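Student: Chains as they are written, first to last, in my numbering: chain A, 1 to 364; chain B, 1001 to 1376.
These aren't lab readings, by the way, just hints derived from the structure by calculation. Mixed in with the good hints there might be a few duds.
Covered by chain A, according to a simulated footprint, are these stretches of chain B (three or more residues, beta-carbon under 8 Å) [claimed, not checked]:
#, region
1, 1075-1082
2, 1215-1229
3, 1235-1245
4, 1332-1345
Here are the simulated DMTMM-like pairs of lysine to aspartate or glutamate, each with C-alpha atoms no more than 20 Å apart in a straight line [unchecked claim]:
#, chain 1, residue 1, chain 2, residue 2
5, B, 1027, B, 1070
6, B, 1159, B, 1228
7, B, 1027, B, 1051
8, B, 1336, B, 1300
9, A, 287, B, 1228
10, B, 1336, A, 234
These figures come from a predicted structure and were not determined experimentally. Every residue, glycine too, gets a C-beta built ideally from N, C-alpha and C.
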Amino acid sequence: MTQPVKVAVVGGGNGAHAMAGHLALKGHTVRLYSAFPQEIRAMQEAGGVFVEGAVEGFGRLDAISADPAAVVPWADVIMIVVPAFAHRPLAEALAPHLHDGQVVLLNPGRTGGALEVVAVLRRLGVRADVVVGEAQTLIYACRITGPARVRVLGIKRAVPVAALPATENERLLAKVVPLFPEFCPAANVLETSLDNIGAVFHPATMVLNANRIEAGDDFDFYQGMTPMVTKTLEAVDAERLAVAQAYGVATESAADWLLKAYDGVRGETLYERIQSNRAYAGIKAPKSLNVRYITEDVPTGLVPIAAFGRAAGLTMRTCEGIIDLCCTLLGRDFWAEGRSLENLGLAGMDREAILRYVNEGAGV
Amino acid sequence: MGANGPTILVIGAGHGGKAMAADLAIKGFPVRLYNRTYSRIEMIALRGGIDLEFEDGRSQFGPLEMVTSDLGMALEGVNLVMVVVPASAHADIAAQCAPLLEDGQVIILNPGRTGGALEFRRVLREHGCRASVVVAEAQTFVLSSRSTGPAEARLFRSKITVPLAALPATDTPRALEVARLAYPQFIPARNVLETSLDNMGAVMHPSLMILNAGRIEATRGEFQFYIDGATPGVATVLEQVDAERLAVARALNVRARSALEWLRAAYASVGDDLFHAIQGTPTYRGVAAPRSLMHRYLFEDVPMSLVPMATIGAHYGVETPTIRAIIQLACVLHRKDYFAAGRTPARLGIENLSVQQLTDYVEGRWRAAPTEATSH
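Isolated chain A (complex conformation) (with noise of 0.2 Å):
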């Protein structure tokens, strides 16, 4: 290792858990910061985070706290790591602590994470140069296991990452691959941005599926991606990587992706590639609508997918019914609330305006 960074893990979460614990236990100083004390008072106790499976130890935490101030002006890096559509407050909570030469990288940033979260800081006026990125998913498949304890059950081999604006990449790398050396460079914002699988399956399965999924019916996610089902998914993935190319973002098919990243997976088409998935078996459905899977995919998913297609002139019907229906069937506003143009700091922009801010910044 080259030099003990001082790393602020930002949630409670099960990759919080992870995140915090493995830094600690790779040598680095970690604090960690959740909004909810709850979150965090089982670390509090034991003073860090027990780790198993492919990482193993106990990661001893710098210091564990509900407050920000106690956690964020320390750190070189802030790692955040909580659900897309924590990011707005998040930002809002962190921007007066904020000082010159902090990194904040969002772990996801899911479709726009990096764009809200510099959107928010110039509302509120933050001068701090500040380095804002975005990575493509979260490195670890992690839960936790129990109290201050989480498992690891895999770290991706390659995530990438990229900064707000595409000018500062460099900057970010040099920050956070002394972290993870699995941290590489994506072209921009919008190539992390818009490789958002989980909108592309998430919602539009929980919408064709709302009835079982209201009624509590027992069944595996991903048998309700049936062969009708599935097709929307391609409808709403065709949508997705038509936005992509039109931003110049190289892309893979939701088809493709699953083939790239479970082994086993078999068949030609969407359908028989998640069906033979066995990595799918034994995830249940979850037992009502207003879950993650609709109020994280459509606000920071499928509501700024629809918003960069729109501004590029696409039509993106299929995307735009599934947020519909998500917004009357849980009676709240998406589009108001999510990730829209105006939301990411784009107001009134076209593809081109967007283009250059997100590669050049707002300067120039």
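Given chain A, put chain B in place with the hints provided.
Tutor: For chain B alone, kept in the frame of chain A given last:
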């Protein structure tokens, strides 16, 4: 009209047409049955009629005067034409009928779905129909019935009242005069916008299909379509679709009934919202879901009911995002562009009309035919 009342032609030998033809024949009317594909009616022609089984298990033979695939022969001299085909076939039927119709004939679409009479009239006009006929649409099909064999059908029950309107509405009394001889259940609706917008199938069927898509495919419809299918969140979507339908109706100055009011009136349903009202509708108990998503609840109700509601709404400035979402998902499921295939203001021949002109047209106050629609 003969001594036995009007001579009636039933067009279409599906679940509804066969039962209606037999029912009317049993009531003593001279009845003819037309179906485009002869093989579908060959057994009926051989037997000379249809066996109709009633709800109590009793069965009776309905003798038909004529069973044919020759529309010219079928239409000659009849007084009442009962069109009992999927709404997607209305335009074709109108085109074929146009040169064959006779003065004074009454044509009733059973039912018209949304815009049936408007589309039928537009096609007659475009095909230069000169006969002075009455074109009317029923708000729903008057019978609950099922085809049970090549020359057999079962009649579950008749509806108590069925609103009916002619286009223009000044023809409604003439339509009712003949139609009520066959079915006294027909009652006058104000005009065809009312029968078209009081389309409860449009509210219920496609949304239930879409939000139960996974379950229908996974279980092959092994659940109660309404009772099990309309969970609270699903019912919220039905309410939203209904609210958008009512908004379109309001924009056209049509007083439509909410689905909740309709359930209370039609089925004496109990409940303060759509979820509870559906649960409190005994008629819905035991009604099974379709076994497949390839079902007329989507391939008829989407293009013939939801698409006209959405596109008429857009035409007159009413947004219908939930209806559009349901249509879009049906397009995706069936790999078919229902926005293009469905009834639009242009297909209904009303795309150049203001709300006032449309009202005048359907009410019969506006003498000139609307500007000819350019078909697409």
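Student: Could you tell me which of the hints above the structure violates, numbers in ascending order?
Tutor: 1, 5, 6
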